[in-house]
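Quick note, the sequences are listed as chains A and B, same order.
Residues in the first sequence are numbered consecutively from 8, following the working numbering.
Residues in the second sequence are numbered consecutively from 6, following the working numbering.
Hints were generated in silico from the structure; no laboratory data involved.
Honestly, I wouldn't trust all of these hints.
As the list claims (entries may be wrong) - To be clear about the criterion: a stretch of chain B counts as covered by chain A if any three or more of its residues have a C-beta under 8 Å from a C-beta of chain A, and this derived list gives those stretches: (1) 177-191; (2) 220-226.
As the list claims (entries may be wrong) - Mimicking SDA-like on lysine to any residue, the simulated pairs with C-alpha atoms at most 25 Å apart in a straight line are: (3) A:K289 <-> B:A260; (4) B:K252 <-> A:A251; (5) B:K252 <-> B:W94; (6) A:K156 <-> B:R254; (7) B:K185 <-> A:L88; (8) A:K102 <-> B:K185; (9) A:K156 <-> B:A258; (10) B:K252 <-> A:H242; (11) B:K185 <-> A:K99; (12) A:K257 <-> B:I121; (13) A:K99 <-> B:K252; (14) B:K252 <-> A:V86; (15) B:K185 <-> A:V86; (16) A:K156 <-> B:D176; (17) A:K257 <-> B:I129; (18) A:K99 <-> B:F10; (19) B:K152 <-> A:G87; (20) A:K156 <-> B:T83; (21) A:K99 <-> B:Y124; (22) B:K185 <-> A:L157; (23) A:K289 <-> B:R254; (24) B:K252 <-> A:V253; (25) A:K156 <-> B:T184; (26) A:K257 <-> B:W94; (27) A:K174 <-> B:K152; (28) A:K75 <-> B:S128; (29) A:K283 <-> B:R92; (30) B:K252 <-> A:K283; (31) A:K156 <-> B:V82; (32) A:K257 <-> B:V82.
Since the model is a prediction, treat every value here as computed from it, not as a measurement.
Note that the Cβ used here is the ideal one computed from N, Cα and C, for glycine as well.
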Amino acid sequence: MAKFQSLKEAVSDNLKDGDTVAFEGFTHLIPHAAAHEAIRQNRKGLTLVRMTPDVVYDQMIGMGMVDKIIFSYAGNPGVGLLRRMRDAVENKWPKALEIEEHSHAAMANAYEAGAAGLPCAVFRGYKGAGLKDVNNNIREVTCPFTGEKLAAVPSVRPDVTFIHAQKANKRGDILIEGIIGVQKEAVLAAKRAVVTVEEVVDDFDDVHVNACILPRWAVTSVCVVPGGAHPSYAHGYYTRDNAAYVEWDKIASDRGLFQEWMQKNVLTVDETVFEKRISALKGAA
Amino acid sequence: MEIDFTTDEMMTIAAARALGNDDICFVGIGAPSAACNVARLTHAPDITLIYESGTIGTAPDILPLSIGDGELCDTAVTTVSVPEMFRYWLQGGRVTVGFLGAAQLDRFGNINTTVIGDYNAPSIRLPGGGGAPEIASSCGEIFITMKQTLRGMVEVVDFFTSFGHGSGGTDRADLGITTKGPTLLITDLAVWRPDPKTKEFIVRSLHPGVTRDHVQDTCGWPVKFADDLGVTDIPTELELTTLRDLKARTEAAHAVEVA
């Protein structure tokens, strides 16, 4: 049953060293504030899962918190490559990073299988693709009815999933709007789920009957963190901070600059900075 | 009338022309996105554009910076979850054309966006395939657009991110893939189509002012030219104005956000 908590408490209660954890968001609603709290709490030995690891996973990898990453597209969207992740893969800095690489179709299916309580996902994919030669978790099954050869991957079952959403109501139900990505599946696939939200409203009586709502009993913790997706965006609240993504490319290109930036903007602040960061981005969403 | 245009503009416009009003098109970010939207704003107003973030039938007023910009959702017919996108709409066989870019490409339309060098010890770790491996196998056919460089158009791709025609011939069908695969390559210098038998890309038309040497000098494999090699039609005023207006609106919008 959803418990309203401070972000600090929610991360402390739900994320342990060595956990497999997903901070999901498909360009939209990326839970940056939650990931920054995890960085401040200095979690180690994590296996990170995400379809589209971008800036915030680059930061966690650069801080040496990550042993392994399971992903399908590791880039800075609209800008280029992830330089901290590259440094880990190419030069083992600050430490070696194990990678388990998939396609989007595989990851989406794997989350869905996790949410459905299945051990693996079956789909038509990876035909002729090189990934199946370098990833032992991409296998083949034969359809017992037609004989068709299909791809199989293990389901994703995180110990904990973090997402950001627009609203919670007072009971703790969660409303997600806009590009909903794979967040519902990521929450339902996980043992524990922490949701940061822009605001709490009385009820959801005015939302569409088919809206994407996660009932409070499917969520472990709810934390109110306005701006908690920045520099990603929250549809209806604030726009994407494209300049911050461009700036990250410069920051991440240099180890010293990166460490300075993390010290100043993550380690020595708390989640209240996020509301200030979005003040100029409101209204246009 | 003499119209000035850049090679980039010619590439985008030639790519836009390949799309039809009835197409259901899975759009890659970057050059494909510009081409697909120029098509929508000129000769193909009813084309359905799909971005992998789940936005179906989107009609952005400006070009998105990422595949998940809010503009795509605001202007879409509907926005679905990512698992639904890949399972029902892509794997379900609803998409007629996939439009992809490439970091590395070979003559058989195989694409690499994963690594330069060895996978386990890469000299450059690229972002990876994202949706491309299954876009390449599940869409009815694949169009590719990229600028020609010796680094980009290579004899053999370092990694098979997305399968095109393999080593050519019937390789694709032999793997059990029933879709057509790459049927068109549009670069900044030429329009290419695969030979019906060997599946090797052949230059069908050169963009205005481009020579055979230009094409060969920026391509890492020995280029074959069609016997009836043509010249790509120059951009019309409407095509050019549409593209330039779209780019200007995009730049203005992003400048406001950054300010």
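So, going through the hints one by one against the coordinates:
Check on the segment 177-191 of chain B: 4 of its residues sit with their Cβ under 8 Å from a Cβ of chain A, so the three-residue criterion for coverage holds. Residues of the segment 220-226 of chain B with a Cβ under 8 Å from some Cβ of chain A number 0, which does not satisfy the need for three, so the listed coverage is violated. For the suggested pair A:K289 and B:A260, the alpha carbons sit about 15 Å apart, so the restraint of at most 25 Å is met. Using a Cα cut-off of 25 Å, the hinted pair B:K252 and A:A251 holds, with the two alpha carbons roughly 21 Å apart.
Restraint check for B:K252 and B:W94: the C-alpha separation of about 29 Å exceeds 25 Å, so the hint is violated. A threshold of 25 Å between alpha carbons decides the hint, and for A:K156 with B:R254 the separation of about 47 Å lies outside it, so the pair is violated. A distance of roughly 31 Å separates the Cα atoms of B:K185 and A:L88; the hinted pair therefore is violated under the 25 Å criterion. Restraint check for A:K102 and B:K185: not satisfied, since their Cα atoms lie roughly 43 Å apart, outside the 25 Å limit.
With a C-alpha separation of about 47 Å, the suggested pair A:K156 and B:A258 falls outside the 25 Å cut-off, and the hint is violated. Under the criterion of a C-alpha separation no larger than 25 Å, the hint pairing B:K252 with A:H242 is consistent with the structure, at around 24 Å. Distance restraint check for B:K185 and A:K99: the Cα-Cα separation of roughly 41 Å exceeds the 25 Å cut-off, and the hinted pair is therefore not satisfied. Only pairs whose Cα atoms come within 25 Å are accepted, and A:K257 paired with B:I121 is accepted, the gap being roughly 22 Å.
Between the alpha carbons of A:K99 and B:K252 the distance comes to roughly 40 Å, so the proposed pair goes past 25 Å and is violated. Distance check on the hinted pair: B:K252 and A:V86 sit about 17 Å apart at the alpha-carbon level, within 25 Å; holds. Of the pairs offered as hints, the one joining B:K185 and A:V86 is violated, with about 31 Å between alpha carbons and a cut-off of 25 Å exceeded. Distance check on the hinted pair: A:K156 and B:D176 sit about 17 Å apart at the alpha-carbon level, within 25 Å; holds.
Note on A:K257 and B:I129: the hinted pairing holds, with a Cα-Cα distance of about 17 Å set against a maximum of 25 Å. Taking the CA atoms of A:K99 and B:F10, the gap is near 46 Å; set against the 25 Å cutoff, the hint is violated. A distance of roughly 17 Å separates the Cα atoms of B:K152 and A:G87; the hinted pair therefore holds under the 25 Å criterion. Between A:K156 and B:T83 the alpha-carbon distance is near 32 Å, which puts this suggested pair outside the 25 Å criterion.
A threshold of 25 Å between alpha carbons decides the hint, and for A:K99 with B:Y124 the separation of about 15 Å falls inside it, so the pair holds. Simply put, B:K185 and A:L157 have alpha-carbon atoms about 19 Å apart, close enough for the 25 Å limit, and the pair holds. Distance check on the hinted pair: A:K289 and B:R254 sit about 20 Å apart at the alpha-carbon level, within 25 Å; holds. A threshold of 25 Å between alpha carbons decides the hint, and for B:K252 with A:V253 the separation of about 19 Å falls inside it, so the pair holds.
Restraint check for A:K156 and B:T184: the C-alpha separation of about 16 Å stays at or below 25 Å, so the hint holds. At most 25 Å may separate the alpha-carbon atoms for a hinted pair to count; A:K257 and B:W94 exceed this at roughly 38 Å. Of the pairs offered as hints, the one joining A:K174 and B:K152 is violated, with about 44 Å between alpha carbons and a cut-off of 25 Å exceeded. The suggested pairing of A:K75 with B:S128 holds, with an alpha-carbon distance near 20 Å, which does not exceed 25 Å.
The suggested pairing of A:K283 with B:R92 is violated, with an alpha-carbon distance near 39 Å, which exceeds 25 Å. The suggested pairing of B:K252 with A:K283 is violated, with an alpha-carbon distance near 31 Å, which exceeds 25 Å. Only pairs whose Cα atoms come within 25 Å are accepted, and A:K156 paired with B:V82 is rejected, the gap being roughly 34 Å. Note on A:K257 and B:V82: the hinted pairing is violated, with a Cα-Cα distance of about 37 Å set against a maximum of 25 Å.
Figure legend: structure checked against the earlier numbered hints; hints not met, in rising order: 2, 5, 6, 7, 8, 9, 11, 13, 15, 18, 20, 26, 27, 29, 30, 31, 32.
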